[in-house]
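Asks: Whole structure, please, built from the sequences with the hints as guidance.
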Amino acid sequence: NAGVTQTPKFQVLKTGQSMTLQCAQDMNHNSMYWYRQDPGMGLRLIYYSASEGTTDKGEVPNGYNVSRLNKREFSLRLESAAPSQTSVYFCASQGETGNTIYFGEGSWLTVV
Amino acid sequence: GEDVEQSLFLSVREGDSSVINCTYTDSSSTYLYWYKQEPGAGLQLLTYIFSNMDMKQDQRLTVLLNKKDKHLSLRIADTQTGDSAIYFCAESNSGAGSYQLTFGKGTKLSVIP
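Those protein sequence lines, which keep their order, are chains A and B. If you count the first sequence from 1, position 101 lands on 101 in the numbering used here, and the numbers rise without skipping. If you count the second sequence from 1, position 107 lands on 107 in the numbering used here, and the numbers rise without skipping.
Simulated from the structure, these hints should not be mistaken for lab results.
Some residues of chain B that are not near chain A, with every Cβ distance over 12 angstroms (derived):
#, residue
1, Ser11
2, Arg13
3, Gln59
Sample of chain B residues at the chain A side, in silico, Cβ under 10 angstroms:
#, residue
4, Val4
5, Tyr31
6, Gln44
When the alpha-carbon atoms are kept at most 30 angstroms apart in a straight line, the in silico DSS-like pairs for lysine-lysine are as follows:
#, chain 1, residue 1, chain 2, residue 2
7, A, Lys9, B, Lys105
8, B, Lys105, A, Lys14
9, A, Lys57, B, Lys70
10, B, Lys36, B, Lys108
11, B, Lys36, A, Lys57
12, B, Lys56, B, Lys36
13, B, Lys36, A, Lys71
C-beta atoms are modelled at their ideal positions from N, C-alpha and C, and glycine is treated no differently.
Replies: Written out as structure tokens, the structure is:
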């Protein structure tokens with residue numbers, strides 16, 4: 001059981017470049033999330049999707065776009081990367097038992 | 001908005017008990033959670049408690065919830081070096097059809113051999 005899978009694991013971008021972080025879950029969950037984790041800031045919600053075809057902004061959406069391609073996949077796109085977007089990005093999906101959230105292993109992104 | 005607070009660091013000796021504390025502000029929280037994050041890894045769900053419970057035990061882990069004081073704690077009995085990690089407290093609230101979680105900033109537990 002793979003759970004939540006996100007790619008790539010590591011990426012270095014130059015300022016202004018674009019890229020997409022991919023996420024897929026095999027647990028048939030409706031809700032999916034993208035968080036970023038920064039030292040001293042904890043986890044902050046970027047965007048979430050309550051169901052296929054819907055997306056909503058979280059706490060820190062600026063500079064990002066998302067796409068809920070289907071029930072399994074939820075991608076995060078940086079259109080024009082900035083050094084402030086250097087972070088660890090976590091995708092997650094939410095089960096119905098206890099509303100528990102299951103996380104992917106993270107994507108380490110550095111923007112130079 | 002909702003807030004979750006926890007101390008940043010805790011150091012204990014191997015074999016002792018660890019107690020990690022957390023306070024939250026949202027009185028309508030439905031569930032409260034503890035997650036563990038080891039270096040270079042994602043967050044692993046340790047346990048969760050429904051808001052109408054005051055205690056939950058799972059092997060070496062004991063969760064205590066004081067809903068009146070909005071205080072949650074995680075006790076790890078017989079702490080081992082493998083327990084060294086960052087522990088995140090989180091609470092859930094409903095919003096736009098999803099139960100969003102609000103996380104604390106994490107408590108780094110260091111276990112001294």
